[in-house]
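*Asks:* What follows is each chain in one-letter form.
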Amino acid sequence: NAGVTQTPKFQVLKTGQSMTLQCAQDMNHNSMYWYRQDPGMGLRLIYYSASEGTTDKGEVPNGYNVSRLNKREFSLRLESAAPSQTSVYFCASSEVSPYGYTFGSGTRLTVV
Amino acid sequence: GENVEQHPSTLSVQEGDSAVIKCTYSDSASNYFPWYKQELGKRPQLIIDIRSNVGEKKDQRIAVTLNKTAKHFSLHITETQPEDSAVYFCAASIPGNQFYFGTGTSLTVIP
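Order-wise, the sequence lines are chains A and B. Here this note's numbering is used: the first residue of the first sequence is 1, the next is one more, and so on. Here this note's numbering is used: the first residue of the second sequence is 1001, the next is one more, and so on.
Don't take each hint at face value.
[Unchecked claim] Straight-line Cα separation of at most 25 Å, PhoX-like style, residue types lysine-lysine; simulated pairs:
{"hint": "1", "chain 1": "B", "residue 1": "Lys1068", "chain 2": "A", "residue 2": "Lys9"}
{"hint": "2", "chain 1": "B", "residue 1": "Lys1068", "chain 2": "B", "residue 2": "Lys1057"}
{"hint": "3", "chain 1": "B", "residue 1": "Lys1071", "chain 2": "A", "residue 2": "Lys9"}
{"hint": "4", "chain 1": "B", "residue 1": "Lys1068", "chain 2": "B", "residue 2": "Lys1042"}
{"hint": "5", "chain 1": "B", "residue 1": "Lys1037", "chain 2": "B", "residue 2": "Lys1022"}
{"hint": "6", "chain 1": "B", "residue 1": "Lys1022", "chain 2": "B", "residue 2": "Lys1071"}
No lab work stands behind these hints, which were simulated from the structure alone.
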């Protein structure tokens, strides 16, 4: 039972490049989330999916898009990366929003 | 939306002493208050949570108290140990909604 799996763990992008962060959970959870973590800013919600087939914006959605591919998978896409998107990205899931969050191990993204 | 403030941002205590971290929230509709511990380079992990129908909850050396009237809640760690050193985050949530996290407290326990 892997819980929440994120790939990749590390990534370096050049400004303007695009990429997709992958997240999969094997706990049959309904809700999934993407957060970014920056020093002194805590964890800020980018997008979330309360259930399969739905997605909603969080606090800081600009520059990102998401896809809830199925109940297990929730991906985050950066269409044109900017240095301000340098951060650690965490995916999380919960059976019932907002209880029982389980976080993935994170993706450290650097945009140069 | 909800606004969660957390203090202090850094805290150093001697091993065996107690540590207290405080958070305030703005939306009286919030009813779920979890605390997460994040060790360096690791993912945040839930250590304790409290719901608004409870004033205090304890789990071994950690406890959380909630004052709904004042809209604040606190994490108490007693008999601190070096392995308690980490960043601690509080959060608040409204029913059916997402978490709003505090900015974190970096706790250092000095042996």
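*Asks:* Now tell me if each hint is right for this structure.
*Replies:* Quick rundown of the hints versus the structure:
Under the criterion of a C-alpha separation no larger than 25 Å, the hint pairing B:Lys1068 with A:Lys9 is inconsistent with the structure, at around 39 Å. Only pairs whose Cα atoms come within 25 Å are accepted, and B:Lys1068 paired with B:Lys1057 is accepted, the gap being roughly 14 Å. Restraint check for B:Lys1071 and A:Lys9: the C-alpha separation of about 37 Å exceeds 25 Å, so the hint is violated. Straight-line distance between C-alpha atoms of B:Lys1068 and B:Lys1042 comes to about 32 Å, which puts the hinted pair past the 25 Å bound.
Distance restraint check for B:Lys1037 and B:Lys1022: the Cα-Cα separation of roughly 14 Å lies within the 25 Å cut-off, and the hinted pair is therefore satisfied. For a cut-off of 25 Å, the pair hint linking B:Lys1022 to B:Lys1071 stands: about 11 Å separates their Cα positions.
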